[in-house]
Every structure is written in structure tokens, then in C-alpha cells.
Amino acid sequence: LTFDEITITVWKIDDSTKKETEDNKTYELKKETGKAVFCFKIFFDLCLSIMFSSLTSSALRPTSTPFAAAAALSSSAGAHNPNKDFEVVQPPDDTVQALKFSPPALAQNFLVSGSWDNVLRVWEVKQDGSTEPKAEQRIQGPVMQVDWSDDGTKIFVASADRQVRVWDVSSNQVATIGQHDQTVSTCNWVHSPTYSCLITGSWDKTVKFWDMRTPNTPAGVVSMPERVYFVDVLYPMGVACLANREIKIYKLDGQPVEVKSMESPLKYQTRCVSIFKDKTNGAPVGYAVGSLEGRVAIQYVETVDPKANFTFKCHRSPELVNGFQEIYSVNDVAFHPQHGTLATVGSDGRYSFWDKDARTKLKMSEKLQNSITRCCFNKTGDIFAYAVGYDWSKGHEFHNPQTKNYIFLHACFEDLKPRVKK
1 LTFDEITITV WKIDDSTKKE TEDNKTYELK KETGKAVFCF KIFFDLCLSI
51 MFSSLTSSAL RPTSTPFAAA AALSSSAGAH NPNKDFEVVQ PPDDTVQALK
101 FSPPALAQNF LVSGSWDNVL RVWEVKQDGS TEPKAEQRIQ GPVMQVDWSD
151 DGTKIFVASA DRQVRVWDVS SNQVATIGQH DQTVSTCNWV HSPTYSCLIT
201 GSWDKTVKFW DMRTPNTPAG VVSMPERVYF VDVLYPMGVA CLANREIKIY
251 KLDGQPVEVK SMESPLKYQT RCVSIFKDKT NGAPVGYAVG SLEGRVAIQY
301 VETVDPKANF TFKCHRSPEL VNGFQEIYSV NDVAFHPQHG TLATVGSDGR
351 YSFWDKDART KLKMSEKLQN SITRCCFNKT GDIFAYAVGY DWSKGHEFHN
401 PQTKNYIFLH ACFEDLKPRV KK
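Numbering (the UniProt record's numbering), first residue to last: 1 to 422.
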């Protein structure tokens with residue numbers, strides 16, 4: 001838009017009705033009360049505002065990170081990618097059950113996935129949004145969870161074949177370091193000022209602690225009243241979610257000490273858990289749990305205000321279907337490492353971003369063609385990874401083995417900024 005392309009028509013309007021004919025069209029201008037003077041300056045300022053607004057469109061608007069800048073220029077789209085996010089090359093052949101970015105010790109961003117096809121895969125994620133496969137390992141059972149060592153040299157693996165493994169990325173060797181009597185559902189690496197160990201949870205109703213200096217012999221075992229479904233650890237806090245909807249909180253700055261046990265505030269089976277930090281001092285103070293009922297609970301471990309704990313609905317159909325609202329499972333929840341806001345993903349094929357402090361939704365994605373099973377943030381919080389595949393929420397009859405699985409990368413830093421209080 002240039003200045004000589006702006007055409008301005010000015011009318012003087014008084015109390016009476018005025019008419020002007022222009023291009024054989026009659027416009028009736030009415031003034032209800034008082035005198036009105038059309039202010040040329042206001043109109044001209046409005047034109048300039050529109051001009052400069054168009055110039056600061058998404059193509060030229062400053063972006064916070066190189067990854068976000070690359071995303072602004074990306075044209076990746078299609079029916080399978082309605083959000084136009086970056087697509088990870090050579091995705092798994094089966095549903096992704098585990099997804100994790102590399103720790104801050106590594107300068108680059110590496111993403112590891114574990115899936116139901118028994119395969120572990122690692123990609124390097126570059127700042128232009130491209131991905132490069134770096135390593136792959138096949139084990140003897142479906143991968144349930146993965147975690148990185150704090151220095152980024154090893155990946156720990158929990159598997160349905162009851163084995164606990166470590167993958168040395170530098171040598172590309174996989175070794176068994178422990179086992180359970182049933183499916184190993186969780187694994188979390190803990191690095192503290194006084195010790196380092198791997199914590200695993202299992203359907204055999206135990207949580208085990210493994211010292212890497214003495215593999216295959218647990219350094220400690222904690223018995224649970226039910227199967228261990230999900231565990232999150234953010235030193236010195238650990239949260240274990242059991243099959244009977246019981247939630248146990250532990251202190252891990254010495255021998256593990258149970259500090260609280262409670263029934264989940266959600267009525268149905270727990271599907272995920274994630275610990276959040278205090279915004280002031282960075283200490284872990286609470287956790288979020290998601291369930292089958294399309295609901296998330298925010299729980300503080302210690303609070304003087306009972307209203308601080310609350311639940312909210314999510315991953316539900318925006319319109320009624322045959323007179324009812326469809327409710328979908330919350331498959332994963334993750335907190336942003338910088339903003340403290342959170343992401344949820346669900347069986348409805350959407351991801352949503354939330355501000356728990358303002359208790360409001362920040363963003364909801366377009367609907368994908370399949371469920372979103374797992375999600376995670378990278379260390380700087382500018383990349384949000386999410387895996388798309390069938391989660392068996394509708395049973396065997398809806399499973400199509402020909403359907404492709406995907407992992408997408410979304411430039412998320414701006415989307416997850418907390419809501420500004422007015």
C-alpha cells in the first residue's frame with residue numbers, strides 16, 4: 001500500500017439527513033443527536049495504522065528464537081499436519097509411548113522416542129526445523145518410558161519385557177542393568193548433590209533404585225499397594241501414580257521418605273503426571289495429573305489455601321455429538337521449563353496450552369487425524385514435540401495398521417507465555 005493509493009472522501013454532517021450520490025449509488029448518512037464533524041486526522045491515523053499493521057505481518061514480525069523464525073517461513077502442511085508444524089523424518093512404525101528431549105548438558109537438541117515396535121530412535125533437531133536420524137536400537141519388548149542421564153551420554157529404557165536397560169549413545173551399545181517381575185512402566189534418572197541413581201516403577205507393585213556402579217542388584221526396593229503406572233521425578237520430589245488411583249509423594253534428598261499419600265482428585269484412571277516448580281525459587285511444589293475422563297488436576301503438596309488445588313476439563317468435543325459431549329483421555333501433560341505454563345495432549349488429536357495460575361487456556365491446536373500419545377519440551381522451551389498415533393482408546397476394531405505415525409515439532413515459546421494480568 002502506497003500513499004497515492006489512499007482515496008479519502010470527507011462528509012460534513014449536521015443534524016439533518018444528508019444524501020450523496022456516488023457512482024450511481026445513494027448513501028444515506030444519518031445523525032441521531034447533536035453535531036458531528038468528521039475528523040480527517042483520526043481517519044488518516046487509522047489508514048496509517050492499517051498500513052503499518054500489514055507491514056508487521058508474520059513474515060516480518062520479530063521472532064524470539066531461530067526455531068520460531070524458521071517456523072514462520074515453513075510451508076509444511078497437509079491433511080495429516082493441520083497445524084503446519086515441522087515433521088520429524090523417518091518416524092516410528094508403531095505408536096510412540098515415550099518421548100524425551102536431551103538435557104541442558106548437550107548444546108544441540110536431540111530427541112529420543114520409544115515405541116510399541118520395540119525400537120528406540122534418536123534424531124538431532126536443528127534450529128531450522130529439520131531433523132536428522134542419528135541412532136537406532138531394537139530391543140526385545142515395547143518401550144514404555146525413556147530418560148536421559150544428566151550428561152546426555154546415556155538413555156535409560158523401561159520395557160514391557162520386564163527389563164531395565166541403558167543405551168550408551170557414544171558407543172551405541174545397549175546393556176541390561178536390572179529387571180522386574182512384570183512390565184517396567186517407568187524410569188527416571190536422578191542426579192543430586194550427594195548421589196545419582198535410576199528409579200524404575202513396575203506393574204509388579206514395586207519401585208526400585210539402581211546404582212550404576214552395581215548393576216543388576218537394586219540399591220533399594222519400595223513396595224507399593226498396587227501397580228505403578230506413572231512416575232515423575234524432579235529432585236528432591238518424586239510422585240508415583242498407582243493403578244488404584246492412589247498418589248504417593250516422596251522426598252528423595254536422602255533415603256526415600258513418603259511424605260504424603262492421597263486418592264487422586266480425578267474419578268477415573270490416571271494417564272499421566274508431571275511435577276511443576278515454584279515460580280519464585282524454582283523448587284518443586286506440586287504436580288498435575290491427567291485422566292481418562294478428559295480432566296486435569298493441579299495439586300500442591302503443601303498449601304495453606306485449599307482453593308489452590310483445582311481441576312479443569314479438557315480434550316472434549318467442542319460441539320455435542322448426538323446430543324452428548326464426547327470426552328477423550330488426557331494422554332500426557334508437560335510443564336514449560338521457562339514460563340511454568342503447561343501443555344496437555346489427548347485422544348481427541350489436539351494439544352492445548354494452559355496457564356494454571358490464571359486458570360485459562362492459552363491455545364488449542366487444530367485436530368489431527370489420530371490421537372496424540374506423548375509430548376515434551378526441549379531444554380530452552382522453544383520447541384514442543386508431540387507424537388501422533390493410535391492409542392487404542394477405541395479398541396481393536398478402530399486400529400488400522402496402515403495408518404502412518406508421526407512426530408511433529410511446534411515453535412511454542414510465544415504460545416506458552418503466561419497471560420498478562422490486567
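Since the hints were made in silico from the structure, they are not lab data. Computed from a predicted model, the values in this text were never measured in an experiment. It is possible that part of the hints are untrue.
[What the hints assert, rightly or not] Have a look at the derived ranges for each label pair, beta carbon to beta carbon:
| hint | residue 1 | residue 2 | range |
| --- | --- | --- | --- |
| 1 | Val259 | His399 | 40 to 48 Å |
| 2 | Glu414 | Glu319 | 49 to 57 Å |
| 3 | Arg419 | Thr303 | 32 to 40 Å |
| 4 | Ala175 | Val420 | 45 to 53 Å |
| 5 | Arg359 | Ala135 | 40 to 48 Å |
[What the hints assert, rightly or not] Derived BS3-like pairs (lysine-lysine); straight-line CA-CA distance at most 27 Å:
| hint | residue 1 | residue 2 |
| --- | --- | --- |
| 6 | Lys100 | Lys421 |
| 7 | Lys404 | Lys417 |
| 8 | Lys248 | Lys267 |
| 9 | Lys367 | Lys356 |
Here a beta-carbon is modelled for each residue, glycine too, at the ideal position from N, C-alpha and C.
Evaluated hints:
1. Val259 / His399: 40 to 48 Å: At 41 Å between Cβs, range holds.
2. Glu414 / Glu319: 49 to 57 Å: violated (29 Å)
3. Arg419 / Thr303: 32 to 40 Å: violated (21 Å)
4. Ala175 / Val420: 45 to 53 Å: holds (50 Å)
5. Arg359 / Ala135: 40 to 48 Å: holds (42 Å)
6. Lys100 / Lys421: Answer violated: Lys100 to Lys421 is near 32 Å, above 27 Å.
7. Lys404 / Lys417: Status violated; Cα separation ~32 Å.
8. Lys248 / Lys267: holds (17 Å)
9. Lys367 / Lys356: OK: Lys367 and Lys356 at ~23 Å, within 27 Å.
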